[in-house]
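Fit chain D to the known structure of chain S by using the hints.
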Amino acid sequence: MTVLVFTLLVFTGSLAAGLLGALTGLGGGVVLVPLLTLVFHVDLRYAIGASLISVIATSSGAAAAYVREGFSSVRIGMFLEVATTIGAIVGAFLASRVPTRGLAILFGAVLIYSAWLSWQSSRLHHVDVPANEPWSDRLRLSGSYPGPLHREISYKVSRIPQGFAMMFGAGTLSGMLGIGSGAVKVLAMDRIMRIPFKVSTTTSNFMIGVTAAASAGIYLRRGYIDPGLAAPVMLGVLAGSLVGARLLARAPVTILRYIFTVVILALGIEMIVNGWLGRL
Amino acid sequence: MRFVLDDKRMEQTMGLLLRFGVVLASTLVLAGVAFYLQDHAHQPVDYRTFVAHPFSVQHRRELLAGISRGSAGAIIEVGILFLIATPVARVVFAVVAFALERDRLYTAISAGVLVVLIYSLLFGR
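So the protein lines, in turn, are chains S and D. For the record, in the first sequence the residue sitting at position 44 is 44 according to the numbering used here, with numbers rising by one throughout. For the record, in the second sequence the residue sitting at position 74 is 74 according to the numbering used here, with numbers rising by one throughout.
Treat the hints with care, as some may be off.
[Claimed, not checked] Mimicking DSS-like on lysine-lysine, the simulated pairs with C-alpha atoms at most 27 Å apart in a straight line are:
{"#": "1", "chain 1": "S", "residue 1": "LYS156", "chain 2": "D", "residue 2": "LYS8"}
{"#": "2", "chain 1": "D", "residue 1": "LYS8", "chain 2": "S", "residue 2": "LYS198"}
{"#": "3", "chain 1": "S", "residue 1": "LYS156", "chain 2": "S", "residue 2": "LYS198"}
Keep in mind that the hints were calculated from the coordinates and are not lab data.
Isolated chain S, as found in the complex (with noise of 0.2 Å):
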C-alpha cells in the first residue's frame, strides 16, 4: 500500500469511528485501535500512540459545544483529574512492562465490557437519588443545572472515594490503552457518586483531554506516536465526532447503538483471540 492510499483509508476508517462513537456517546477510541491493529495492521503501540492524540482532538474540540448547555461541573472535574492523571502516568508505565499481547488481552477485555455497559444502559432507567452528603459541600463538590422550565435543579455527590478509586482505575486504562475510558468515568460518576447522568457525560468529556495528556507526554518520549499515522486518524476521529454530534438529534440512536455493541463485542473476541496467538 502507498501512503496515499494508506493515510486516505485511515482518515476514513477513523471518520466512521469518530461519527458512530459521537452518536453513541461511547467515543471513537474504543473501535479505532482495534481498526488500526486489526484491519490496518498497525503496531498496537503505534496504533494505542495514535489513538491517544485522537481522544484529546475529541474532547477539546467538543468541549465549546457542552460548555454552552451548562451541565458540566468545573469543580467535579478538576477534583477526579487528580485521580486520573495519576492513574494515567501508572497506566503509560504499565504499558512499557506489560507485553503486547497481554495489552491486546486486556483491550478486547475492555471492549466486551464496553458493550455489555451499552447494552445494559440501553434497558435501565436512570433514578437520580438525593442525598445528604456533608463531603459533598465540605468539597464544594455540590451543585446544579438546569432543568426544564428554566429551574436549577441541584444535586451533590455520593461516595467520594469509592468514585476517586475507579477514577484511578480509568485513568490506568487510559494510560494504557491510549482510550479516553469515558464509559468508566461516567459509570464512575453516575452510577457510584450518583451525579446526574448529563453532569457526568459532559464533565467525563472535559476530563479525557487531561487525563489523555498526563500519558501523551511519555508517550511521546517513548516513540508511540509516529506523526504520519496520528495525522490521519486525529483529523478524522475529530471530524467524524463534530460531525456526530450534529446528527445526534436526527440520527437514529437506537439502531446505531444496538450495530455498535455487536461491532465492539465481535472486536472484542478477536483481539483476546489475536492476542492470545500472538498475532499483534
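Leaving out everything else, chain D in the frame of chain S:
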C-alpha cells in the same frame, strides 16, 4: 459593570480556549499532512514493525531544524505538541481563575493536577 468571574463564565472561557487550541493544532496537522503527501504519496507504508523514535533533547534539535526546513513531519509534530498543550492550558487557566475567585481549596487542587501533568510531560518514562 464590574467583571465577575464565576464558575459558569470560567467554563465558557475554557471551552473557547480548548476550541482555539484544537483549531490551531488541526490546521497545522492538516498542512503537515498535505506537505507529507506531496513528498511521500507513492512510497510504501510499514507500521507493522515498531521502531522507537523517541522524542528526546536530540530530537528537539532535529525538530527545530525540521521546522526551519519546512519538513512535513516536523509541522505535524508541532501541531501534535500544540494539541497536547491545549488541555494543559485549560488546567493553567483553572489555577488562575480559582485564585481570582479566592477559592483556596480549588486553586490547590488544580495546581496539583498541573504538577502531575508537568511531571509527566518533563520526566515521565
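We went through each hint and held it up to the structure:
no., hint, result
1, S:LYS156 with D:LYS8, "18 Å, holds"
2, D:LYS8 with S:LYS198, "16 Å, holds"
3, S:LYS156 with S:LYS198, "14 Å, holds"
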